[in-house]
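> The chain contents come next:
Protein chains: 4
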Amino acid sequence: MVPDIAQLERRARALLPREIYDFYAGGSGREETLRANVKAWRRRWLLPHVLRDVSSVDTSLSLWGTALRTPVAVAPTAFQRLAHPEGEVATAAAAAQAGALFVLSTRSSCRIEDVGAAVAEPGGTWWFQVYVMRDRGLTAALVRRAVAAGAAALVLTADAPVIGRKRRDRGEDVVTPAEFFVNTGPLADAGDAEQAADVTFADIGWLSSLGGGIPVLVKGVLRPDDAQACVAAGAAGVIVSNHGGRQLDRALPTALALAPVAGALRDGAAPAGPAGPAGRSAVFVDGGVRAGEDVLAALAAGAVAVFVGRPVLWALACGGAPGVRDLLTGLTGGLAHAMALAGAASLADVPGLAYPGDTD
Amino acid sequence: MVPDIAQLERRARALLPREIYDFYAGGSGREETLRANVKAWRRRWLLPHVLRDVSSVDTSLSLWGTALRTPVAVAPTAFQRLAHPEGEVATAAAAAQAGALFVLSTRSSCRIEDVGAAVAEPGGTWWFQVYVMRDRGLTAALVRRAVAAGAAALVLTADAPVIGRKRRDRGEDVVTPAEFFVNTGPLADAGDAEQAADVTFADIGWLSSLGGGIPVLVKGVLRPDDAQACVAAGAAGVIVSNHGGRQLDRALPTALALAPVAGALRDGAAPAGPAGPAGRSAVFVDGGVRAGEDVLAALAAGAVAVFVGRPVLWALACGGAPGVRDLLTGLTGGLAHAMALAGAASLADVPGLAYPGDTD
Amino acid sequence: MVPDIAQLERRARALLPREIYDFYAGGSGREETLRANVKAWRRRWLLPHVLRDVSSVDTSLSLWGTALRTPVAVAPTAFQRLAHPEGEVATAAAAAQAGALFVLSTRSSCRIEDVGAAVAEPGGTWWFQVYVMRDRGLTAALVRRAVAAGAAALVLTADAPVIGRKRRDRGEDVVTPAEFFVNTGPLADAGDAEQAADVTFADIGWLSSLGGGIPVLVKGVLRPDDAQACVAAGAAGVIVSNHGGRQLDRALPTALALAPVAGALRDGAAPAGPAGPAGRSAVFVDGGVRAGEDVLAALAAGAVAVFVGRPVLWALACGGAPGVRDLLTGLTGGLAHAMALAGAASLADVPGLAYPGDTD
Amino acid sequence: MVPDIAQLERRARALLPREIYDFYAGGSGREETLRANVKAWRRRWLLPHVLRDVSSVDTSLSLWGTALRTPVAVAPTAFQRLAHPEGEVATAAAAAQAGALFVLSTRSSCRIEDVGAAVAEPGGTWWFQVYVMRDRGLTAALVRRAVAAGAAALVLTADAPVIGRKRRDRGEDVVTPAEFFVNTGPLADAGDAEQAADVTFADIGWLSSLGGGIPVLVKGVLRPDDAQACVAAGAAGVIVSNHGGRQLDRALPTALALAPVAGALRDGAAPAGPAGPAGRSAVFVDGGVRAGEDVLAALAAGAVAVFVGRPVLWALACGGAPGVRDLLTGLTGGLAHAMALAGAASLADVPGLAYPGDTD
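Chains A, B, C and D, in that order, are what the protein sequence lines are. Everything in the first sequence is counted per our numbering, starting at 1 for the first residue and increasing by one. Everything in the second sequence is counted per our numbering, starting at 1 for the first residue and increasing by one. Everything in the third sequence is counted per our numbering, starting at 1 for the first residue and increasing by one. Everything in the fourth sequence is counted per our numbering, starting at 1 for the first residue and increasing by one.
By construction, these hints were calculated from the structure, which means they are not laboratory data. Here the structure is a predicted model, which is why all the values come from computation and not from measurement. Just to be clear, a hint being listed does not mean it is correct.
[To be verified] Below, a list of computed lysine-lysine pairs in the DSS-like style, where the Cα atoms sit at most 25 Å apart: (1) D/Lys166 <-> C/Lys39; (2) B/Lys39 <-> A/Lys39; (3) B/Lys39 <-> C/Lys166; (4) B/Lys39 <-> C/Lys39; (5) A/Lys39 <-> A/Lys166; (6) D/Lys39 <-> A/Lys39; (7) B/Lys166 <-> B/Lys39; (8) D/Lys166 <-> C/Lys166; (9) A/Lys39 <-> B/Lys166; (10) C/Lys166 <-> C/Lys39; (11) D/Lys166 <-> D/Lys39; (12) A/Lys166 <-> D/Lys166.
So that you can see chain A by itself, here it is in the shape it has in the complex (with noise of 0.2 Å):
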């Protein structure tokens, strides 16, 4: 059956203490970014092609040379252990069992290492997201030490120089718990972990050097000509995304950032860095998607693959790893359903199944 992502958040809601639920779900400002991110994929009418063999239908992909069976990735979030105690192990097991790539967040609560070890297990791929640091010396311990426990790839976070003001904090904010800073430890100054404020173009390189050639992305792009840059920059591609919502308000929403971003990088000159997909730059795309329908249009406008966020949260909350691999595999479910409706027998099908037009 097709997970009901709206049911499964009001589970969660029921169960999650407030402020908790509330860090998870909040935006920034007022909000405007955080609703038309939802809205903007219903906008978007599908083109579906007819008398094509669905008889079976394939949602598998290869991202640098690695197999999975779903383009329906887990996006970088924190402190998974606020929602449930197995916290990103469990999360990334998961999604290790239903094929999908899985990205843990440098604010994780459970051990780089043993998030690594948990999705080594199922063979399944994990890649690590970073914050660059105000120390780097800590940012680059950490990057090597996620490189070491397996990480295939980095995803450098680019939206997030300073941190975005959430509407709903009311002093009363969710204090986490100094054991859920597992991956840094004691520090001599607590700033040395915040978000550093100077991150270019060239950190791209810097990382890239850390992980010894794997790939690395830049989340946090809405724009072409950043996309662009990024590649220029040694970027093996990008992730559109405006962080959920919870950065800069009225931000585009990146059903509509999307398609200008692929073809920024479809149409631009040779990347310097490693060959995505199809030879090409990879470019994702998060914020929203909460329906197969959803992850057909995005892939339609060009999406290599698809993040989800807070519904693999209300799932883990709801039902731990079990309810995470249901998320995945449902939301998988409904994708082919969608593919098999629209004539696409795999995602090589899939793009130009949108409609151009923005309609409502």
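For chain A, the structure is supplied; the task is to place chains B, C and D on it using the hints.
Coordinates of chains B, C and D only, in the frame set by chain A:
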């Protein structure tokens, strides 16, 4: 008087068991296409002509040599005995009396031959809708029976390689009584009657040969390129349809899809299929048509005729054959009235009467 | 003070029998054009000029040699004695006192000659609206009487070859007392007075000769091509109208239709008809105008003058002739105020003050 | 923390007498421009840059040689003593403390010289807004006093040749105490102080000579052609404004008007006036700005600085000078935060950060 279809639906809803009403009324996914189908027609403004002689308005047309008194036609819908004991036989007879085309579903709950006889008596026209089933022999047998019983054309449904997941299903699905499967009879394997997922353009030719040369239409086309491919493969035309919002949710509303498809067939290369009305491939449309003004807008945008589905079921449930006949003559009257007010004395005057822009 | 037309309508609704209020207020079909007419003006943003000398604002104009103090004119509406015992005589006198043009309906419930006298006394201007009736002799007789009584132009209603079906009719239709048919008198056959459905462009010339050369306008034009055809057939201009949403429902709102029609007559070939204002064919508009800003938007989009219908009926019902005069001077005052704020000292300064795009 | 202006307004509404709240909050006509001003900014999506060094964000700017710490400026509003006993003196001092520009209204309820002194003490900058009154001698006297008191520029209000008719006036209008007319004193004829309706482009030069060469800005410009005419007549720039929706209702929202005006002055012929920021005529904007993201959108669309009106009145009513200072520093902080998230380290980085399309 113009039929008030919203009121008719309310009456049918009160009469029918809830699960049957939901089975007919519901759509797939979030029902976005279901709602958008209706809304999209209402956003098409009309551009009436003035100072034309409309002292007599003629809604008649000829389709491949068959005369019809109205371009309002009955769309194929399944298991009409769920709505009324006389089912498809009543609907078909009513359409024939109204001078309207009737399309019989593969999932008819009346015997094909009984329907053929009911239409023949008042001298009407009917077509047979074809789901290609997994057992192609079974499919061919049904098609041959339909042709023998007088079907004047075949309608290949192309947008249902799998069954759309309905929003309103709740485990307590409609259980269709075994007695309704009157045309297939007891099967060795129920799966044989399920829709095949490997139907392709080549099947147009297969059906055409089964039909002995009667026109084959493809139903469920939303894309201009697919429409051209259908014609190139031998189709006499296409029905622009998204299956009433019951298959791929978020598929483009038909009011938006119609004009580009009509344009593609008008401007495309000479079709290989049999010549349709005015020597060209014919374009039809269904989905969300609820008033004479909707019919006029559809014809103005390039449709040869317009299919109506759910309203026929409500009329059948509330009034049997007379109810269906009143609905069809009422809608035709509403069309004639709108034509007079728009300065169109015949259907040939209608193209171009719709405002090209999308407004609300 | 600017007249509050919404409040005036509420007062009239309370005063009038329900079926009479509904007869005036209602529209055809689903009343979509009725509602859209009003809404469409409010979506036209104004683009005021600054730093113009507006110490005196002049709303006067000249139409075919006749001076008017305001471009706010009274649209023809039927049977005004349903609203007030003095009916058209009161309305016409009030318009003349306000320096506004009055158009008398063929369906007047006062004698043509009485209306002519009521306008002549204060030195006003009136036109006669013509429904071509099945009995053309009867039609011609009425037109000759109107011309003899002082009508300065003829308005051929072209959008009513049949009567639009009203949504609010409930069997209990307004029964117009026989005494109201004061101009046709007892007829051998009531059908003789029904509107003819075979009126064509040729009737423009017929009316012109009946009128002895006074201007003939065509009312109900929404299409640029029809407007050009009217002028080519001898019309002095057109009134962009959809009959207040009472004829073809879903006809284009007049605020959307106006600019293309005005553009077509401005750019078209030299008209064969008599020269209108500024030596060109004149374009007028009605439908949904409820405030001085609406009038300004209409003039800015190319109208020479603007007709108001229902608000006049509400004013007549609530206040008789003085009520109508106050409404017309109030709307004119609202227009003058808006002109001053938009930097327009005279009507010649108004074209171009509306924003070209469609926004909400 | 980002100031919550909606909450501030609610508090002010509870504090102030209703007629004073309505006097400030209301707009003209149906208040369509009033509402649209606010809504239009929220429809401007932002297009942030990533991977820029924003470790220090600078909101400062220079206007004709004067340094300001923020592009958030105080719009001229009348009779501020209605909101708070200290009136304009408090507001002006608060702006100076915040490093923000203050514009004093001709309708100030504090003496011009007292305001000048209040700004001079913390070393701030203020401009004088000029209503050209019927008595030009009186006008000239006020302007000379303002210049003598330290006004750094003159702002000619051009959109108020007459007073807009307010929707919320109910006979029980605000009666401004005679003691508030501190700058004009008792006049032989009250009409002398009314706004002149014959102000033209020539008055720009008159004001410029009265001001001894300090910049003259024209406020109330919505059209590119008018903006060019202002500059050609000697203006140093324009303020895109519709008077907060208080003059011509249905005037274009400023968020829609800004970019075309900025484009016209950027692309136009070399201005005759004094060179503004970056050697060009300066474009400012007001109307509906309620958050740092609105300010960023305005600057991105070409504004040099942004004026805020009603929120300053609410802050003044609720908190006097400290309240105003907190509002201005709060909005500036919100802007700086948004700039950091958009990759803009200084105002020079801001142009182009807004999405060109109109979306909702």
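> A separate judgement is required for each hint: does it hold in the structure or not?
Now for the hints, and whether the structure bears them out:
{"no.": "1", "hint": "D/Lys166 <-> C/Lys39", "result": "21 Å, holds"}
{"no.": "2", "hint": "B/Lys39 <-> A/Lys39", "result": "18 Å, holds"}
{"no.": "3", "hint": "B/Lys39 <-> C/Lys166", "result": "21 Å, holds"}
{"no.": "4", "hint": "B/Lys39 <-> C/Lys39", "result": "18 Å, holds"}
{"no.": "5", "hint": "A/Lys39 <-> A/Lys166", "result": "20 Å, holds"}
{"no.": "6", "hint": "D/Lys39 <-> A/Lys39", "result": "18 Å, holds"}
{"no.": "7", "hint": "B/Lys166 <-> B/Lys39", "result": "20 Å, holds"}
{"no.": "8", "hint": "D/Lys166 <-> C/Lys166", "result": "37 Å, violated"}
{"no.": "9", "hint": "A/Lys39 <-> B/Lys166", "result": "21 Å, holds"}
{"no.": "10", "hint": "C/Lys166 <-> C/Lys39", "result": "20 Å, holds"}
{"no.": "11", "hint": "D/Lys166 <-> D/Lys39", "result": "20 Å, holds"}
{"no.": "12", "hint": "A/Lys166 <-> D/Lys166", "result": "37 Å, violated"}
Figure legend: structure checked against the earlier numbered hints; hints not met, in rising order: 8, 12.
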